[in-house]
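Number of protein chains: 2
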Amino acid sequence: MRSICIVPDSEGIDAEIRRLAGMVDLLLLTGGLGPTSDDMTRESVARAAGVELVFSEELWADIKKLFPEGSAAPSNRRQANIPAGFAPIANTCGTAPGFVGRIGESTVMALPGPPGELDMMVRSFLNGYLDNNYHAAASFFTTWTAFLVPESVLEDTLSGICGPGEKWRTRAEGHRIVFELEGPESSFTTVEELKEKFGAILIREGEKSAAQLLADALLKSGKVLVCAESCTGGLIGKMITDLPGSSNVFWGSLVTYANEAKRRLLSVSALDRYGAVSRETVVEMAEGAIVASGADIAIAVSGIAGPDGGSEEKPVGTVWIAVKTKESAADAREFRFRGDRERVRLRAAVAAMLLAESHLTGVGVDSDIFSTYT
Amino acid sequence: MRSICIVPDSEGIDAEIRRLAGMVDLLLLTGGLGPTSDDMTRESVARAAGVELVFSEELWADIKKLFPEGSAAPSNRRQANIPAGFAPIANTCGTAPGFVGRIGESTVMALPGPPGELDMMVRSFLNGYLDNNYHAAASFFTTWTAFLVPESVLEDTLSGICGPGEKWRTRAEGHRIVFELEGPESSFTTVEELKEKFGAILIREGEKSAAQLLADALLKSGKVLVCAESCTGGLIGKMITDLPGSSNVFWGSLVTYANEAKRRLLSVSALDRYGAVSRETVVEMAEGAIVASGADIAIAVSGIAGPDGGSEEKPVGTVWIAVKTKESAADAREFRFRGDRERVRLRAAVAAMLLAESHLTGVGVDSDIFSTYT
Numbered sequence: 000m001r002s003i004c005i006v007p008d009s010e011g012i013d014a015e016i017r018r019l020a021g022m023v024d025l026l027l028l029t030g031g032l033g034p035t036s037d038d039m040t041r042e043s044v045a046r047a048a049g050v051e052l053v054f055s056e057e058l059w060a061d062i063k064k065l066f067p068e069g070s071a072a073p074s075n076r077r078q079a080n081i082p083a084g085f086a087p088i089a090n091t092c093g094t095a096p097g098f099v100g101r102i103g104e105s106t107v108m109a110l111p112g113p114p115g116e117l118d119m120m121v122r123s124f125l126n127g128y129l130d131n132n133y134h135a136a137a138s139f140f141t142t143w144t145a146f147l148v149p150e151s152v153l154e155d156t157l158s159g160i161c162g163p164g165e166k167w168r169t170r171a172e173g174h175r176i177v178f179e180l181e182g183p184e185s186s187f188t189t190v191e192e193l194k195e196k197f198g199a200i201l202i203r204e205g206e207k208s209a210a211q212l213l214a215d216a217l218l219k220s221g222k223v224l225v226c227a228e229s230c231t232g233g234l235i236g237k238m239i240t241d242l243p244g245s246s247n248v249f250w251g252s253l254v255t256y257a258n259e260a261k262r263r264l265l266s267v268s269a270l271d272r273y274g275a276v277s278r279e280t281v282v283e284m285a286e287g288a289i290v291a292s293g294a295d296i297a298i299a300v301s302g303i304a305g306p307d308g309g310s311e312e313k314p315v316g317t318v319w320i321a322v323k324t325k326e327s328a329a330d331a332r333e334f335r336f337r338g339d340r341e342r343v344r345l346r347a348a349v350a351a352m353l354l355a356e357s358h359l360t361g362v363g364v365d366s367d368i369f370s371t372y373t
Numbered sequence: 000m001r002s003i004c005i006v007p008d009s010e011g012i013d014a015e016i017r018r019l020a021g022m023v024d025l026l027l028l029t030g031g032l033g034p035t036s037d038d039m040t041r042e043s044v045a046r047a048a049g050v051e052l053v054f055s056e057e058l059w060a061d062i063k064k065l066f067p068e069g070s071a072a073p074s075n076r077r078q079a080n081i082p083a084g085f086a087p088i089a090n091t092c093g094t095a096p097g098f099v100g101r102i103g104e105s106t107v108m109a110l111p112g113p114p115g116e117l118d119m120m121v122r123s124f125l126n127g128y129l130d131n132n133y134h135a136a137a138s139f140f141t142t143w144t145a146f147l148v149p150e151s152v153l154e155d156t157l158s159g160i161c162g163p164g165e166k167w168r169t170r171a172e173g174h175r176i177v178f179e180l181e182g183p184e185s186s187f188t189t190v191e192e193l194k195e196k197f198g199a200i201l202i203r204e205g206e207k208s209a210a211q212l213l214a215d216a217l218l219k220s221g222k223v224l225v226c227a228e229s230c231t232g233g234l235i236g237k238m239i240t241d242l243p244g245s246s247n248v249f250w251g252s253l254v255t256y257a258n259e260a261k262r263r264l265l266s267v268s269a270l271d272r273y274g275a276v277s278r279e280t281v282v283e284m285a286e287g288a289i290v291a292s293g294a295d296i297a298i299a300v301s302g303i304a305g306p307d308g309g310s311e312e313k314p315v316g317t318v319w320i321a322v323k324t325k326e327s328a329a330d331a332r333e334f335r336f337r338g339d340r341e342r343v344r345l346r347a348a349v350a351a352m353l354l355a356e357s358h359l360t361g362v363g364v365d366s367d368i369f370s371t372y373t
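One line per chain: the protein sequences are A and C, in this order. The numbers in numbering that gives the first Met the number 0 rise by one with no breaks, and the one at position 365 of the first sequence is 364. The numbers in numbering that gives the first Met the number 0 rise by one with no breaks, and the one at position 18 of the second sequence is 17.
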């Protein structure tokens, strides 16, 4: 990778394409393929290549299929134009096809900008293209996911473990760090050391989500989940139902944000004596959720997401999480998450889902790892 | 703004600085001012300017003040170097001072990369600098938000309405389009025409979220909300509780994903006869949520988010939404959202929140706009 250039929707795009095409083997453009007048990638590439735009009846037919009969807007018609001599790249989940061709010695490829469409086209097209044309995917690497571990701690740990010739790169997202290990097969011993330090439940093979890991464990054990959410406000239900097919394992969630809701829906009685953010309350929430639903396993979460509501004894970031199965007593743990409201809620949801998974698989259920790295 | 270039931490930075300094009045560099060896902005600017780095005792004294007595790391000492002839820019919330000076005809400014520090320096220094030196804050524009309207339809409508000298730009996000109108004050008549066409509830002043608009209407009317969510799976509760202070207006959400959950928690009886995705079911869900909670207003959502579960009669994207207040009968409407699972769920949540808002404010409650643009 030589550089990433971000250019506004202006005539300046042409000059930038010409400049970069003179420098690199492959120039990848993203975005600017939409139907509106500030989507100028088609025109810019044509001008930079010194060719005309050509209207493709075939692409237009594909685009029209995405709309109910006759309802494609006139502006969508522009999306069927591609520079003469360029080959179209099909977009199966949006209206903007991509295209690829040559400018001078460079290959120039345009892909759509909306993250969902780009992601799909990277998977369905670009990865294979890079592999075929540049052997770019040939280097040996493995992908892993770390949950709840702070990025700087993971980084320092990796630099202490990795031997010569082993490289790594990390990508921190809200709810996880995806990291790749590049180099000899000793990567696997590196990962063993990470699991030793952080716990096998927090270091996972591949690019994983906590919701998917929990859903897989539920499906495998034939159990159905119910949630009782306070500070996460529906986030756990949302993350689980992001997954198609989650109806096989998810009964529902009792989002009891108000204390009155905890009393009415979950029969919680501990509020006055112990407060909403306490071991007693989340245990009663989990028990109440099992009773209300008849589901096999319950997650209950109550905490202080901030920015207000913290106290000396229970600062912002204090979250109690309980997991209970029909057969066993509730397992309740206290967490102190750092960061803003969004981060606290996301980490609470991830910790709760992984704790529930560990109760289904038995992995890591007896360790303190969940609340060590928060 | 001419362009944004992202360059890896390499010798390539020098060449990029020289190239860009020849093109622009002001070249703004961010990042690479930290204490580690891959922080090379100081050296790169000095080489590009053809000057030496000079150690500043004054800056070093400022940096040391940020650490407990005597504990500043030796690597922090590097941060007191700036290119000869450049003026330092104080950083009041981090160790990396910025600097500004000339290379050829261009002003070159380096600011720290950590978002919190950069944000502070943009507010405390850069905005005033741009205003004083370039009058850069002078252009007249207004920001608006469009909900549920497809981007191509908004674009075609704007290009039909806008007069000469009026420009616009749009930014489509999952749940809305933020658009800016630039030009004479006639922008306001443009917006009136958009409201006429799409409905005043879908075209809103400023950069708004549907959850914030609903929370504002709830707070103003002193009402408390309860949700009964099926296909949205907790997303509406999540979006409302993203807002700090939402506990004043949000009772909770009954996420009844399984049919059994709709029966047990909401006493829904219409499932066998009409199916989960029907007027009868969402009306009973809304009624059941009011009864279960005692809240003032209920939102109920049930639909087919896909990718599976669609039929000829009820294809993927079919969503029924009901809004009911304590005093009035339920208002139930059918929607046909296009797109993938994520888009269908997001649009259903936005439509439900705006429909509830319209029942609180009275604006647009009698129109069909909600289900026209989906």
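If you're looking for bench data, these hints aren't it; they were derived computationally from the structure. Beta carbons are placed, not taken as given, at the ideal position from N, Cα and C, and that holds for glycine. You may find that some hints are simply not true.
[As the list claims (entries may be wrong)] Derived, one-sided and incomplete: chain A residues facing chain C with beta-carbon distance under 10 Å: (1) 113; (2) 229; (3) 327; (4) 329.
Hints, verified against the model:
no., hint, in the structure
1, 113, "8 Å, holds"
2, 229, "9 Å, holds"
3, 327, "23 Å, violated"
4, 329, "21 Å, violated"
Consistency note: the structure conflicts with the earlier hints numbered 3, 4.
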